[in-house]
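J.: In order, the protein sequence lines correspond to chains X and D.
Note that our numbering has the first sequence beginning at 1, numbered continuously upward.
Note that our numbering has the second sequence beginning at 386, numbered continuously upward.
The set of hints was computed from the structure by calculation and includes no laboratory data.
From a predicted model like this one, the values you see are computed outputs, not experimental measurements.
Treat the hints with care, as some may be off.
What the hints assert, rightly or not - Stretches of chain D that chain X covers, calculated by requiring three or more beta carbons in the stretch to come under 8 Å of a beta carbon on chain X: (1) 426-433; (2) 464-471.
Said to hold, decoys possible - Derived contacts from chain D toward chain X, CB cut-off under 8 Å, selection only: (3) Gly489; (4) Leu490; (5) Val550; (6) Tyr640; (7) Tyr644.
Where a beta carbon is used, it is the ideal one built from N, C-alpha and C, also for glycine.
So the chains spell out like this:
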Amino acid sequence: MQVFKAFCKLAWSYKIAICIYFGICAFMTFMVASQYSDTKKEEKYGNESYHITVADEDKSALSKAFIGFLKKQHTVEETAYEPELVKDLLYYQEMSAYITIPKGFEEKHRDSEPLKVESLSDKGQAAGVFINMQLSSYLEGVARMEKTGLSLEEAIKETEETNDFSKFVKLEGKENTSSNTHSKFYSLLLFLPYAVMTIILSTVLPVILIFSQKDIKDRTDISAVSNVTKNIALVAGGALVSFIVFLALFAFTSLFLTDDLFTGKWLLAALNLFIFTIVTTTLLILISAFSFLGIQKAKDVITNIIGLGFSFLGGIFVPLSILGDGVKAVGKFLPTYWYAVSLEQIDKGVRFSGLLKNFSMELLFGVVCLALGIAISSARKNAMS
Amino acid sequence: MSDTVVEIDHLVKRYKELIALDNFSLRIEKGEAFGLLGPNGSGKTTTINCLLSLLAYDNGEIKIFGERMTPNRLDIKKRIGVVSQNVAVFNELNVYENTDYFCGLYIKEKEKRKQYVEEALEFAGLLEFKKFYPKKLSGGLLRRLNIACGIAHKPELIIFDEPTVAVDPQSRNNILEGIAKLNESGATIIYTSHYMEEVEQLCSNILIMDRGKRIAEGTSDELKAMIKNTESVIVHIRNLEHELLDEFMKLPHVYDVKYMNDTLTIKCSGGKHNIVHVAEYLEKKQMNYDRIYSELPSLNDVFLEITGKELRDKE
């Protein structure tokens, strides 16, 4: 317990490093999340309400249905203006369009004549163009629906549904309006291994190296605490800190993934990152086996080399699709690569059974690190004796 | 029940071709302040490391408190305190936390530990520095912290492995006084050093070792009695002709004469009033000198005569 408590105290003494790397992670998360905020702009644009004035000279069921459709999306005022006043209002952008529904609008429709309304708008303004497009789309839609055998009421209803612009924008905007080729889910979770590695390497590694210092190690070894108890305490301390890092990072990132919270792919992504965290912890054991080389002073360099190197080669900073074959071949030996591959597949909807190979490859790296670390430590111990 | 605290029998430790400990034996009784003297590389630290089971050895046997010492004998380890040559503390923990950590490796009860830690800090004169971090402490205070960490759990056997290396004279005296107090309170002390005056001041029994072998053992006086030299007469005299050195050799009990840097050193074996014989001879020959005095042999002389080496590194 004494060793475990000391481990936690020592790890906490690196709180500044934790804050710095967590700050970098938070900044990156905000940056990535902001790339996806374009979708919201599109939705806002789609739902933009224009000021339209309608002069209904027909007062028929069809003309009222048409006005109803417009009211769903725009601020519609039903009144008649003098042509000169309309021009002034359009010029000063007091309204975006002036629509006149001519007398006999519904009657002409019954006579199978094309539906027409008079629309006055500033063609130079996007709003005017947009409203005219909506008008044509609606009127042609009603006519098309009736041709399929629907009654006028049914045709109006169907047309309104297919022309529900808010639905259209929400669906299409997400997929097509963004410049990103990957989803927000993938992009936000992709760089987490870098944060996990750097935070763990900059907090847990120095503590393990302190306990590996010959003088401290000897003083602990000659105490009334057995080696097994000491090693369990060190592993428990490292695991606890690593788990907290994992939880904090994943929870923070999840704040930006509200649509995916507690879904299957969210849970699989959590598992993927958890496995990666375990692997990073085993990497510490391998690195600390070289403590006799005096690597304590180079811990920051080691953190940066491993953090950046693994991230670049494993497709964390650069998407896998962009990586060259040579880099990919090297990356396959790194857990970051398998993390990225897993995440890509999770995002595509692959289930747990389909991810087993990737998870195994990640864990295999951890097993190799653990075995090498133990072998080097044992060899060193024997050499010392 | 035996009062022997440490018993090492025919210990052999090899580092490939190098024999670090060559059939080395020693015995330390309860309440003793035992000095282990030897130059660098003589095998002092190897002996301590084998004693503490930090190093495996090739042959021989080690018993502590009458029990065979092995790495898993936590019950024995619990009764031992070690103050290592290098300061082994955590820079990230303050003075109190460091002492508490190392004390906690032996004492689990929180209240008892708190009391022990306070007592250790008081003993080391660190109470007013308990919130200080090691980096803020002077070299002397750091050494005292190292001692506090080693003795906080009130061990029965305390091993001091060169605890005063690179310590200023004032701090050194404080440390030595503290160790003497621990010994007076009943703790058995093993003190390794190559500072013979410290060992002479502190230890009731001294063992001299070199190249992993036991050279001699006894009290300071017993060791001095083992050598030929009983007194050295030193004369500060200028321009002494070298031909006259043979004349000094003819004086009673003189067995060696050297003249260097205007200092004449005449070594005598046995006899009394050797300084008087030398002074009378100088007067007789009408030789003027600045100063004459007599010196009794030191442990360094003992070591020099036995091994032919200086005990302390040239500084």
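J.: Evaluate each hint against the coordinates.
T.: Hints and how they fare:
no., hint, in the structure
1, 426-433, "violated (count 0)"
2, 464-471, "holds (count 4)"
3, Gly489, "4 Å, holds"
4, Leu490, "4 Å, holds"
5, Val550, "13 Å, violated"
6, Tyr640, "46 Å, violated"
7, Tyr644, "47 Å, violated"
Of the numbered hints listed earlier, those contradicted by the structure are 1, 5, 6 and 7.
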